[in-house]
Amino acid sequence: MGATFVVVLREGFEAALLLGIVYAYLAQIGHSDSRRYVTVGAGLAVAASMLMGVAVTILSGPLADIGPDVIALTVIFGAVALLTWHGWWMGQHARQLRGDLQRRIDAAHASQQLWMVGLIAFTGVFREGAETVLFLWGLMTQLTDLTGMAALLGGAAGLAGAAVLGWLVFQGGRRLSVHRFFAITSLFIMLLAAGLFSAGIGRLQGIGLLPGGEPLWDTSWLLDEHGSVGGFLAGLVGYRARPSALEIVAYLVYLAGATALFFPHVLRRRTRRNGPVVGSAETSRV
Amino acid sequence: MRLATSFSLLLTIALTLTFAAGLVGAADKPAEVALTIEKQKFDPAEVKVKAGAPFVLVVTNKDSKPAEVENKDLKVEKVVAPGKTVSIRVRALKAGSYVFVDDFNKSAQVKIVAE
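If you read the protein sequences in the order shown, they are chains A and B. Just so you know, we're using our numbering here: the first sequence kicks off at 1 and counts up by one. Just so you know, we're using our numbering here: the second sequence kicks off at 1001 and counts up by one.
In case anyone wonders, no lab produced these hints; they're calculated from the structure. Incorrect hints may have been included.
Listing some non-contacts, in silico: residues in chain A with all C-beta distances to chain B over 12 Å [stated by the list, open to error]:
hint: 1; residue: Met52
hint: 2; residue: Phe77
hint: 3; residue: Ala157
hint: 4; residue: Arg175
hint: 5; residue: Ser177
hint: 6; residue: Ile184
hint: 7; residue: Gly212
hint: 8; residue: Ser244
Example chain B residues on the side facing chain A (calculated, C-beta under 8 Å, incomplete) [what the hints assert, rightly or not]:
hint: 9; residue: Pro1066
hint: 10; residue: Asp1073
hint: 11; residue: Val1086
In this text, all values refer to a predicted model and were calculated from it rather than measured experimentally. Backbone N, C-alpha and C define an ideal beta-carbon position, used for all residues, glycine too.
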C-alpha cells in the first residue's frame, strides 16, 4: 500500500503543483473568474490520458513503438515552450503588478494569456497522466485479494495527497504579495522548465537520436533520484544523479537564457545603478 | 512572441528528427532482443547484447496487467499492455550490466549485459 501511495503521489505531485500555481496566478492577476480555462485544460488532460491508456492497449506495431515517444517528446518540449512564454510574460508585467495595480493589465492582454494557462494545465496533467492511468488500471486487475485492495487504496490516497498539496500551494500562493508570488513562481517555473528541457534532451539521447548519453558523474550515493526525496527533486528542479554531458549543457543553457527573459528588471536595475537614478521613487515604493 | 516562435521551431525540429530516426531505424535494423513478461517475471532474466551498438528490446507481455519496462538511467520507460508486443529502442551501451525493471511491479527485473 505504501509503495503505490508513493508512486501515485509522486506522479500526481508535479501536476498538482502546477495546477495550484496556475489557479493562484489567476487569483493574483484578478481573473479568478477564468478558472474554467484551467479546469477544462486539466479535465481534457485526464480524458486524453485515458484515451492514451486505451490506445496503448489497442494499438500495436510501429504506431505503438514510436507513438508514445513522439507524444512524450511533444508534451515535454511543448511544456517547456509554454512555461518559458509564461515566465517571460510575468517578467514583462511584474513591474506593472507591483503595488496593488493588478487591474492595470489590460483585459485584452490577459485574455490572450488565458488559453495559454489552460494549455499549461493540460500539459502538466497529461505528462504523467497516461502512465498513472495505466498504473491504477494495473492495480485494479489485482483486486481479487486483500493486498490488491490495499494497493488500490494506496493509489487513491496518493492521488488525494497530490490534490491536497496542490490545494495548499494554491492557498499559500494566493496569500503571498503579488510581487513575492511572481518572484517565487518565476524562479520555480524556470527551474522546472530547465529540468524538463534537459529531460527531453536526455530522452532524445536515450533513443539514440542525439549522440552520447554516458553519465558525466554519479551522485546516487548522496541522493538517489529513484528514492522519494530525490524523486521529488527530479520532478521539481530536474535533479539527475547520473546526468549526461548534453543534459547538463541543456540545463545550464536554458537557465542562462531564461534568467534574461524572466528577470529583465534585475538586469535593468543593475545597469541603472551606474547611470542617472531614474525611477528610484518607483522602486522605493515597492 | 518571437520567443514562442523560436521554441515552436525547436519543437518542430525535434519532432522531425524523431520521425526521421524512426525511418532510419527501420532501414539499418539494429539487433533485436526478445523478452517475455509472464507471471510477473521477465524471461529470460538475463540477456547479452553487443557493447557499443544500439539494439531493440522486443517485449511481449503475457500477463493480464500492463507493465512498464524501465531503466531511468537509459531513459527507457515504455508501457507494454497485456497481450501486446512492443519494440523499445536502446542506445549503444558501454560494456557492463544494466538492470531493467517493470515499474508497475518492481520485483520483475531483467539484467542486460553488454560485452
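Here is what the structure says about each hint:
1. Met52: With a cut-off of 12 Å, Met52/A comes too close to chain B, as the shortest Cβ separation is near 9 Å.
2. Phe77: Answer for Phe77/A: violated, closest chain B Cβ roughly 5 Å.
3. Ala157: holds (18 Å)
4. Arg175: holds (31 Å)
5. Ser177: holds (27 Å)
6. Ile184: Ile184/A clear of chain B: closest Cβ-Cβ about 22 Å, beyond 12 Å.
7. Gly212: violated (9 Å)
8. Ser244: violated (9 Å)
9. Pro1066: Pro1066/B check passes; min Cβ-Cβ to chain A is 5 Å, inside 8 Å.
10. Asp1073: Hint holds; Asp1073/B Cβ to chain A Cβ min 6 Å, cut 8 Å.
11. Val1086: holds (6 Å)
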